[in-house]
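Peer 1: For chain X, the structure is supplied; the task is to place chain H on it using the hints.
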Amino acid sequence: MKVDLSTPFGRLRLKNPIGTASGTFGYGLEFAEYLDLAALGAISVKGLSRRPCHGNPPPRICETDAGMLNAIGLQNVGVDAFLADKLPELARLGATVIANVWGDTEDDYVAVVERIGADRRIAAIEMNVSCPNVVKGGMIFGNNPDALAGLVKRIRAATRHPLIVKLSPNVTDIVASARAAVDAGADALSLINTLVGLAIDIERREPKIGFTTGGLSGPAIRPVALRMVWEVRTALPKVPIFGMGGIETVEHVVEFLIAGANAVQIGTANFRDPSLAGRLVKELSVWCADHGVARVSDLVGTLKTRPRPDHFFS
Amino acid sequence: MAVNESLRVLRTTHYDEQHYSLFLSAGSIGPATRPGHFAMIQAGEGLRPYLRRAFSIADVTTVAGVPALEFVVKVVGVGTAALARFAEGTPLPVLGPLGVPFPIDDLLPTDRVALVAGGIGLAPLVLLARTLAARGIAADLFYGGRNENDILKRPEFERFLGSHRCRYATDDGSLGRRGLVTDLFTHALAGGARYRRAYACGPLPMFRALTRLLADAELEGSFAMESEMACGFGVCLGCVVPMADGRFATICKEGPCVAPSRIDWTRL
Chain X
-15 MKVDLSTPFG RLRLKNPIGT ASGTFGYGLE FAEYLDLAAL GAISVKGLSR
35 RPCHGNPPPR ICETDAGMLN AIGLQNVGVD AFLADKLPEL ARLGATVIAN
85 VWGDTEDDYV AVVERIGADR RIAAIEMNVS CPNVVKGGMI FGNNPDALAG
135 LVKRIRAATR HPLIVKLSPN VTDIVASARA AVDAGADALS LINTLVGLAI
185 DIERREPKIG FTTGGLSGPA IRPVALRMVW EVRTALPKVP IFGMGGIETV
235 EHVVEFLIAG ANAVQIGTAN FRDPSLAGRL VKELSVWCAD HGVARVSDLV
285 GTLKTRPRPD HFFS
Chain H
1411 MAVNESLRVL RTTHYDEQHY SLFLSAGSIG PATRPGHFAM IQAGEGLRPY
1461 LRRAFSIADV TTVAGVPALE FVVKVVGVGT AALARFAEGT PLPVLGPLGV
1511 PFPIDDLLPT DRVALVAGGI GLAPLVLLAR TLAARGIAAD LFYGGRNEND
1561 ILKRPEFERF LGSHRCRYAT DDGSLGRRGL VTDLFTHALA GGARYRRAYA
1611 CGPLPMFRAL TRLLADAELE GSFAMESEMA CGFGVCLGCV VPMADGRFAT
1661 ICKEGPCVAP SRIDWTRL
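Residue numbers (the working numbering), protein chains in the order written: chain X, -15 to 298; chain H, 1411 to 1678.
Only chain X is shown next, with the shape it has when bound in the complex (with noise of 0.2 angstroms):
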């Protein structure tokens, strides 16, 4: 049986619903010895800010049961040095590549925007609003649907390439997180980033990282995941969604699709294997045969959810 991997995705259409997540997947070009990059549906890179950031000292990691904690505090080499020394070599190697960007205000998300302009080797930019692990900036807008909706029409005005918004799930009400980045003119939607987590050494009485809080990854966020994909699913019915957290495996995959996601990105579990995105791509393929899936997007949203009783008490 043959299987339609590709993907719409908004304007985008991806050749199939494997990504890989922001912070997970270095500039791409770190994976080239483990995994053909062109065979990706996209790669999200590390987290782009107008100027190089050096991060935050040391401890920044930790494994936590099935995952870990993290406040690498979005070390990079800067927006100029990516699109120099990294994007020629990511186009060539035939790479879809979304930049991800941040900045501490709005001007620095404008900025990186901007320095990218129309640059055709990038087929999106994904707004990082959501990193738990920088004082300033990101999370503060992740977190206020009213400074996320302002951040998100100003980057609407300066780029003409589809814009994805990376939702955090540190709040309360993540649709109305959703609907304030899509009413501002956002195309399509991330979500999860991380959730903020603390580890602890008890014989110090320290935190295990120097941040003192970091965000979770891995399985162990993969349910909460899921129900913030099938809220926001819900709710926008046609949104494009990227949908991560803790997928390891083809199943996790199907998983996502089914409560709504698009596409999914691969996060910590390239750490763990860097060839898995590479594989899940061949896996999914398979699966569908076996499932009698002629297209894989035909998965999208099925998730079947019984009427829940209004009230308990008769």
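It cannot be assumed that every hint is accurate.
[What the hints assert, rightly or not] Ranges of calculated distance between the beta carbons of each label pair, as one might list FRET restraints: (1) X:G276 to H:D1655: 53 to 61 angstroms; (2) X:T89 to H:R1587: 55 to 63 angstroms; (3) X:R35 to H:D1521: 37 to 45 angstroms.
[To be verified] A few chain H residues that don't get close to chain X, going by computed Cβ distances all over 12 angstroms: (4) Y1425; (5) V1473; (6) G1546; (7) R1564; (8) R1575; (9) L1590; (10) H1597; (11) G1602; (12) A1603; (13) E1630; (14) V1651.
For the record, the hints were derived by calculation from the structure and aren't laboratory data.
Heads up, the beta-carbon is just placed ideally off N, CA and C, and yes, glycines get one too.
Peer 2: Relative to chain X, chain H alone:
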């Protein structure tokens, strides 16, 4: 060029409750390994431990004639405990060889070098000792631990370097001199020993003390550094150390073998 491959457990040799050597089939990692390289090993398919663990490739050797990688491991947590329990023949995912190895290509046959190990920091020095011996370069070993149980691979070091070139220090005096390995090294320098370079691996306090000793003696060093790592190939940016130039450098990519003069020890 690193390889992501599955290697079989050939043998696990336990030295005591805390220390063991894990021998894996060498795969294509073996022939590409240089002293100071490391590998990321996945201890099983489960979620605990979740991430691969970084280990120095202690030696490239053979087990019953089969080409093997040796890892010398101290049990310090769930990863190192899990790795000790695999039956012979179990396939384990391994990524390697990784990182910047010890600089040895510039050594001349007339050079003499020092190897300084603290505790489990012996690991990367075994293959270094073997390689130096094969090239006919004289090396003195200074190796310290809490007690004699901490001193591992002694027969190998003494075979490669000559037993007269191997000196030991233990906190309790159960082997060699009582005291710290840096005391041994200080003593040697005071006695007139001169080295082209000192290669070292050990705990942070040892590195700090050794950095001062090397600076005072105007002696070049190469330290095999350690850190928690999620990926091992420069992507997670979790394993950084502060550098003298103000940057944070990843130990996995710019190390693990780094000249101590490049590190900003005041911020570490």
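Peer 1: Against this structure, judge whether each hint is valid.
Peer 2: Tested hints:
In this structure, G276 of chain X and D1655 of chain H meet the distance hint of 53 to 61 angstroms, their C-beta atoms being roughly 58 angstroms apart. Here the CB-CB span from T89 of chain X to R1587 of chain H is close to 59 angstroms, well matched to the stated 55 to 63 angstroms. A hinted range of 37 to 45 angstroms holds for the C-beta pair R35 of chain X and D1521 of chain H, which are about 44 angstroms apart. At the 12 angstroms boundary, the C-beta of Y1425 of chain H stays outside the reach of chain X, the nearest C-beta of that chain being 25 angstroms off.
Against chain X, the non-interface label of V1473 of chain H holds: every CB pair exceeds 12 angstroms, the least being about 26 angstroms. No Cβ of chain X comes within 12 angstroms of the Cβ of G1546 of chain H; the nearest lies about 35 angstroms off, and the non-interface call holds. Residue-level check passed: R1564 of chain H sits 31 angstroms from the nearest beta carbon of chain X, beyond 12 angstroms. With a closest Cβ-Cβ approach of about 36 angstroms to chain X, R1575 of chain H is found to remain outside the 12 angstroms limit, as its non-interface label requires.
Consistency note on L1590 of chain H: stated as away from chain X, and its beta-carbon is indeed over 12 angstroms from all of that chain's, at 23 angstroms minimum. For H1597 of chain H, the requirement that its beta carbon stay farther than 12 angstroms from each beta carbon of chain X is met, with the minimum near 33 angstroms. No Cβ of chain X approaches the Cβ of G1602 of chain H within 12 angstroms, the least distance being about 39 angstroms, so the stated non-interface status holds. No Cβ of chain X approaches the Cβ of A1603 of chain H within 12 angstroms, the least distance being about 34 angstroms, so the stated non-interface status holds.
No Cβ of chain X comes within 12 angstroms of the Cβ of E1630 of chain H; the nearest lies about 25 angstroms off, and the non-interface call holds. The Cβ of V1651 of chain H does not lie farther than 12 angstroms from every Cβ of chain X; its closest approach is about 7 angstroms, which violates its non-interface assignment.
The earlier numbered hint that this structure contradicts is number 14, and it is the only one.
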